[in-house]
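Asker: Just so you know, the protein sequences line up as chains X and V, in that order.
Under my numbering, residues 42 to 251 are what the first sequence spells out, in order.
Under my numbering, residues 68 to 290 are what the second sequence spells out, in order.
Hints were generated in silico from the structure; no laboratory data involved.
The C-beta atom is built at its ideal place from N, Cα and C for all residues, glycine as well.
Be a bit skeptical, because a hint or two may be false.
[What the hints assert, rightly or not] Taking lysine-lysine pairs in the DSSO-like style, the calculated list, with each CA pair at most 27 angstroms apart, reads:
#1 X:K158 x V:K163
#2 X:K188 x V:K132
#3 V:K280 x V:K183
#4 V:K278 x V:K132
[Stated by the list, open to error] Interface residues of chain X toward chain V, partial, derived using beta-carbon atoms under 8 angstroms:
#5 V163
#6 T179
#7 T198
#8 H205
#9 L214
Chain residues, written in single-letter form:
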Amino acid sequence: MLKSKLKKFIAASLIVLTSLSFFSSTSFAYDANSKADRYFGGNLTAGINRPAWYHSSVASYGYTSHFDSARAYWNNNTPVNIWKWDQANNSTDRYYVGTTYQGAGNLNITGAQGAYKVVNGVAVSATNNENWNYSTVTIYHNAMASKNYDRGKANATAAHEVGHSIKFAHTPLNWLGQEYVDSVMRSDDYSMKAITTSYDLDTVHQKWGY
Amino acid sequence: MLKKVLIPLSIAAALGAGVFTYSSFQQNEPEKTAAAAVQTQKDLPVYETNGSYEVFSNVDDMEKKADLVVVATPKKAFDQRKHITTYFDGPNANEKYPENCFTITDMKVKKVLSSKTEAKKKDLDITVLEPVGIYKDNDGVNKKLRFEGYEEMSNSKDYILYLEENDKGNYNIVNIVDGKFEVKDTAKKADKDSYLSEHAELHSNLEKATKAKFKKQLAEFTE
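The following block holds chain X by itself, in its conformation from the complex (with noise of 0.2 angstroms):
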């Protein structure tokens, strides 16, 4: 009788292990390393729960707010968590806001986010599909300024590069069809919803899950 229990209890336990197994490799499992046309390879070496340090010129700039709305944007109802604070190691973002050199500079260019992974304790720059460590997220002032951009506009700017900081690409060209996709990660001119877009939300879950 015992004999009998303990070759069930065998059975179920290579059944369990043998299922999970098989459903872990699959496309039904988000994976955190998955590449797609919406969002990068790689990981987050601290995850999405992070911090992020703003540099002084995001408060002299007069930025703060906006850094803030970007977070939320992304921390809203998503498992993402990217909260403020006033240090930095290696799994703090690194928020900034600069000038284009001099007036000199391409003044289309609004901002711009870097990866870098610690190498032997140094950080270096990073490849998009590579495991980063942190990001460098800049917005630029006078390009902003240049175009009249509105509050919303400059949040959406600011979301845009929190957005690529945890792993997220471009929106294709077109998404099921649909040549205007709703998203902070448009890469023109986009005013940020209130509220998190469903595609935003969706590319989250995808690359993050639940």
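Fit chain V to the supplied structure of chain X, relying on the hints for placement.
Answerer: Relative to the frame of chain X, chain V by itself:
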């Protein structure tokens, strides 16, 4: 009885583990591909910044935005041009990050395809600011930084450029990656590693439309 249960289940478990291992390998492929793409660059390690910029999806809007549309070629090789990089300080000692990174490219205009003013048609020597530059990373190594995968122009090729003049009299490329096209570009069109894959379709569409729009004026360069 025990064997009858255990042997098939062991086979199933082994198959499941095999599928899992294969799948994990496939999911890591993009990282390997990205690393390989970097290693194919000739001189410096290459990295990208992603960003926001004014995007145009048709050539008529690009032409409206542009002060000049020209066929031009750089006067000097990339490593002989002036590279400008400014840096932000990091929160910790010995950290710095590029704020601006671009290259000043003096160019010889070979043909003006379109111009907003008559005066600009006579402007045969122009300076274009390319959104690619050289910076010193935190490990002390010089690296190339490309905005949105923008590749620098070669001084051995002719380019069609949509250009917007800035307040210093220099020119920026309208649509960045997608406002610059090689006049004679055949093999490269298929090389999707040459710029971020998200640009491939738009770039191809705009290139075809540009070459159709200026077909007569480009004839002398393509024959």
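Asker: Which numbered hints turn out to be false for this structure?
Answerer: none
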